[in-house]
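Just so you know, the protein sequences line up as chains A and B, in that order.
If you're matching positions, the first sequence starts at 1 in the working numbering and goes up one per residue.
If you're matching positions, the second sequence starts at 1 in the working numbering and goes up one per residue.
Among the clues, some could well be false.
Claimed, not checked - Some chain B residues near chain A, calculated using beta-carbon distances under 8 Å:
{"id": "1", "residue": "Arg35"}
{"id": "2", "residue": "Lys41"}
{"id": "3", "residue": "Ala71"}
{"id": "4", "residue": "Leu76"}
{"id": "5", "residue": "Asn105"}
{"id": "6", "residue": "Leu114"}
{"id": "7", "residue": "Ile117"}
{"id": "8", "residue": "Arg158"}
{"id": "9", "residue": "Tyr163"}
{"id": "10", "residue": "Lys181"}
{"id": "11", "residue": "Gly194"}
Unchecked claim - Residues of chain B clear of chain A, computed beta-carbon distances all greater than 10 Å:
{"id": "12", "residue": "Glu139"}
{"id": "13", "residue": "Asp237"}
{"id": "14", "residue": "Asp246"}
No lab work stands behind these hints: they were computed from the structure.
What you are looking at is a predicted structure, and each value in this text was computed from that prediction instead of being measured.
Yeah, the Cβ is synthetic: ideal placement off N, Cα and C, and Gly gets one too.
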Amino acid sequence: MEYIPNILFAILLIVGVGFFTKNIKRLSRNIKLGKDVNVEDNKPQRWKNMAKIALGQTKMVVRPIAGFLHIIVYVGFVIINIEVLEIIIDGLFGTHRILAVLGSLYDVLIGSFEILALLVIVAVTIFWIRRNIIRIKRFVKPEMEGWPKNDGNLILYIELVLMTLFLVMNAADYQLQLLDAPHYTKAGAFPVSQFIASVFGDMSVSSLIIIERTTWWLHIAGILFFLNYLYYSKHLHILLAFPNTYYGSVKPKGQFPNLEAVTNEVKLMMDPNADPFAAPAEDAPIPEKFGASDVQDLSWVQLLNAYTCTECGRCTSSCPANLTGKKLSPRKIMMDTRDRLEEVGKNIDANNGIFKDDGKQLLGNYISPEELWACTSCNACVEECPVSIDPLSIIIDMRRYLVMEQSAAPTELNNMMSNIENNGAPWPYNQMDRLNWVKE
Amino acid sequence: MSDQLKVPTMEQFMAEGKQPEVLFWVGSAGSFDDRAKKITKAFVKILNKANVNFAVLGTEESCTGDIAKRAGNEFLFQMQAVMNIEVLNGYKIKKIVTCDPHSYNCLKNEYPGLGGIYEVIHHTQFIQELIKTGRLKMEGNVFNGKRITFHDPCYLGRANNEYDAPRALLNTIKADVVEMKRSKNTALCCGAGGAQMFKEPEKGDKDINVLRTEDALKTNPNIIATGCPYCNTMMTDGVKSKEKEDSVAVMDIAELIAESEDL
Numbered sequence: 001m002e003y004i005p006n007i008l009f010a011i012l013l014i015v016g017v018g019f020f021t022k023n024i025k026r027l028s029r030n031i032k033l034g035k036d037v038n039v040e041d042n043k044p045q046r047w048k049n050m051a052k053i054a055l056g057q058t059k060m061v062v063r064p065i066a067g068f069l070h071i072i073v074y075v076g077f078v079i080i081n082i083e084v085l086e087i088i089i090d091g092l093f094g095t096h097r098i099l100a101v102l103g104s105l106y107d108v109l110i111g112s113f114e115i116l117a118l119l120v121i122v123a124v125t126i127f128w129i130r131r132n133i134i135r136i137k138r139f140v141k142p143e144m145e146g147w148p149k150n151d152g153n154l155i156l157y158i159e160l161v162l163m164t165l166f167l168v169m170n171a172a173d174y175q176l177q178l179l180d181a182p183h184y185t186k187a188g189a190f191p192v193s194q195f196i197a198s199v200f201g202d203m204s205v206s207s208l209i210i211i212e213r214t215t216w217w218l219h220i221a222g223i224l225f226f227l228n229y230l231y232y233s234k235h236l237h238i239l240l241a242f243p244n245t246y247y248g249s250v251k252p253k254g255q256f257p258n259l260e261a262v263t264n265e266v267k268l269m270m271d272p273n274a275d276p277f278a279a280p281a282e283d284a285p286i287p288e289k290f291g292a293s294d295v296q297d298l299s300w301v302q303l304l305n306a307y308t309c310t311e312c313g314r315c316t317s318s319c320p321a322n323l324t325g326k327k328l329s330p331r332k333i334m335m336d337t338r339d340r341l342e343e344v345g346k347n348i349d350a351n352n353g354i355f356k357d358d359g360k361q362l363l364g365n366y367i368s369p370e371e372l373w374a375c376t377s378c379n380a381c382v383e384e385c386p387v388s389i390d391p392l393s394i395i396i397d398m399r400r401y402l403v404m405e406q407s408a409a410p411t412e413l414n415n416m417m418s419n420i421e422n423n424g425a426p427w428p429y430n431q432m433d434r435l436n437w438v439k440e
Numbered sequence: 001m002s003d004q005l006k007v008p009t010m011e012q013f014m015a016e017g018k019q020p021e022v023l024f025w026v027g028s029a030g031s032f033d034d035r036a037k038k039i040t041k042a043f044v045k046i047l048n049k050a051n052v053n054f055a056v057l058g059t060e061e062s063c064t065g066d067i068a069k070r071a072g073n074e075f076l077f078q079m080q081a082v083m084n085i086e087v088l089n090g091y092k093i094k095k096i097v098t099c100d101p102h103s104y105n106c107l108k109n110e111y112p113g114l115g116g117i118y119e120v121i122h123h124t125q126f127i128q129e130l131i132k133t134g135r136l137k138m139e140g141n142v143f144n145g146k147r148i149t150f151h152d153p154c155y156l157g158r159a160n161n162e163y164d165a166p167r168a169l170l171n172t173i174k175a176d177v178v179e180m181k182r183s184k185n186t187a188l189c190c191g192a193g194g195a196q197m198f199k200e201p202e203k204g205d206k207d208i209n210v211l212r213t214e215d216a217l218k219t220n221p222n223i224i225a226t227g228c229p230y231c232n233t234m235m236t237d238g239v240k241s242k243e244k245e246d247s248v249a250v251m252d253i254a255e256l257i258a259e260s261e262d263l
């Protein structure tokens with residue numbers, strides 16, 4: 001009987017971590033549905049980007065209020081999670097505050113956890129006000145209706161509950177220490193929870209133990225729940241921001257990749273020795289599709305981008321098309337890509353590991369040509385993203401599909417392109433007149 | 001004035017067995033668009049004044065293919081690129097200067113992968129270098145104290161991280177440089193990029209160039225300076241739509257330099 005809590009704890013931990021692992025595997029499988037892309041170049045720069053942008057939050061603070069509050073929550077969560085280590089050891093071995101052996105360092109740790117927990121509560125409350133009372137524009141765009149809005153709030157509620165549980169647990173513990181309750185090691189500093197403890201003044205030891213144990217269990221159960229909530233939420237960014245900033249582009253933003261499949265075709269056309277009537281070799285691979293109409297046509301980095309997006313909307317709030325009332329929203333491009341990828345993933349799971357054509361695709365069913373054609377390729381969205389997501393690359397890949405596979409460019413653009421083909425300029429002027437300006 | 005312009009072609013250099021120090025890539029807008037041609041001429045005047053040994057491709061130049069690439073027509077882009085690279089490499093071109101940030105970006109970043117490897121610079125960078133090395137002396141005073149705001153071209157700024165050269169040049173003409181709220185890496189696009197120049201905008205509640213012009217007008221400028229022929233067109237249209245064309249001029253940095261030095 002004595003070991004029942006330990007066993008229960010071990011089961012809870014195994015189930016929580018096991019389920020999380022399963023989802024991470026699914027996540028990784030889905031990302032790998034994307035095309036291979038070379039990311040072996042420029043490793044030092046990549047590590048530097050990850051350290052600066054993800055770890056150092058340099059792009060968050062470009063918007064100082066949100067940036068500062070975010071750093072509080074970020075630092076709070078990273079540091080308070082040291083506490084989780086102690087909880088796990090205590091839970092498995094039936095000890096209590098095992099890290100108290102650290103002596104005065106332990107007091108400093110617990111004391112700073114408490115202050116951070118309070119700051120996180122304040123920051124999360126302000127975040128909630130920004131989303132729900134002030135209703136900052138970027139949080140109330142059409143793509144944020146329904147689940148994305150609820151998801152954003154739910155995350156804030158979970159964080160609020162977790163921090164509160166942590167502080168109440170400490171308060172009860174502190175009160176028990178004051179009452180010399182057995183098993184409750186005298187350790188830790190309680191700069192915040194001592195004020196909550198004063199409410200417990202008249203309570204008996206047994207009632208306090210019930211409060212302490214309940215909050216302890218709820219706290220760790222909550223953390224495991226939150227861990228498993230990630231996969232179903234925009235909150236995945238807390239993990240994926242790190243690989244995403246590492247794999248993000250290290251090239252000038254203006255450089256769009258040259259499609260290799262096209263280069264091969266162009267070379268063939270330019271080769272005077274190539275036989276234009278030659279039948280392809282028997283074993284020749286099927287020619288690659290130009291551009292992207294569905295998630296499998298995108299690179300795995302673009303798919304990683306989609307899962308990393310936390311829907312903050314900084315991209316959309318800086319997009320010239322969106323600012324002038326056009327349908328295009330770079331955030332929606334990322335959300336659509338992720339949602340379609342999830343749909344494809346579920347399809348694969350339901351069909352024994354093989355994707356069964358569902359008559360749908362990213363282009364048309366999720367993202368409309370109208371959105372794609374509104375982009376000015378100005379890179380404002382790419383510049384704004386605090387975690388190195390590149391919505392522009394997806395827009396261009398889908399334009400490529402529209403133009404090269406479907407000949408579905410707007411008429412004016414077709415005119416412009418035939419001009420380039422015919423006379424080497426986007427306007428119908430003769431190439432032989434290129435130097436006329438000198439004489440004018 | 002224009003009969004004084006010296007614009008030698010690569011063909012002429014080749015015939016004399018000589019090599020210019022830099023090739024001036026005029027670009028389609030710079031060759032054919034009436035407004036952009038003035039920018040081209042202003043830049044040539046600067047090159048002439050500084051005795052720069054340059055050449056143009058003239059009728060051998062063709063569209064870089066940049067606009068086609070942004071529109072999604074990678075095939076047309078690569079065809080253009082391969083043809084241009086053949087000409088450029090045939091002439092053993094090492095260094096290219098251009099007044100168009102789109103050509104600049106395309107030649108600098110996208111041609112190397114197809115075999116066209118050159119040192120490519122934007123005209124604002126080139127002029128800055130001419131001043132630094134003492135080849136161009138800045139003595140003019142006409143813009144002294146004039147309020148000038150610079151609209152960053154996306155393909156020079158965000159795309160290639162060049163924010164300083166144009167501003168440094170505005171300082172050399174003693175302008176009172178005023179910054180828009182959205183400037184440098186947060187600058188708002190003029191609305192022409194990504195092939196938008198060649199099509200009607202999608203349905204919305206405002207045109208992008210009007211929004212950007214509003215940004216600029218808030219600084220209460222005498223002149224809106226640009227570094228891109230497409231931005232110039234968009235901002236000029238924006239200023240007209242706000243009926244401010246009598247009080248606010250839209251000018252390329254090259255034009256400002258040329259006018260300042262009375263070229």
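Tested hints:
Evaluation of the Arg35/B hint against chain A yields a violated restraint, the C-beta minimum of about 12 Å exceeding 8 Å. Taking 8 Å as the C-beta cut-off, the interface hint given for Lys41/B holds, the closest approach to chain A being about 7 Å. For Ala71/B, the interface hint holds, since its Cβ comes within 8 Å of a Cβ in chain A; the closest pair sits about 5 Å apart. Annotation: Leu76/B was flagged as interfacial toward chain A, and the flag holds, the nearest CB pair being 6 Å apart, inside 8 Å.
Because the smallest distance between the Cβ of Asn105/B and any Cβ of chain A comes to about 4 Å, under 8 Å, the interface hint for this residue holds. At about 6 Å, the closest approach between the beta carbon of Leu114/B and any beta carbon in chain A falls short of 8 Å, and the interface hint on this residue holds. This hint is violated: Ile117/B has a C-beta 14 Å from the nearest C-beta of chain A, more than the 8 Å allowed. Because the smallest distance between the Cβ of Arg158/B and any Cβ of chain A comes to about 4 Å, under 8 Å, the interface hint for this residue holds.
Nearest Cβ of chain A to the Cβ of Tyr163/B: about 12 Å, over the 8 Å cut. The hint is violated. This hint is violated: Lys181/B has a C-beta 12 Å from the nearest C-beta of chain A, more than the 8 Å allowed. Hint status for Gly194/B: holds, given a least beta-carbon distance of 3 Å to chain A, under 8 Å. With a least CB separation of 27 Å from chain A, Glu139/B remains clear of the 10 Å interface cut-off, as annotated.
At the 10 Å boundary, the C-beta of Asp237/B stays outside the reach of chain A, the nearest C-beta of that chain being 14 Å off. Here Asp246/B stays apart from chain A, with its beta-carbon at least about 26 Å from theirs, past the 10 Å limit.
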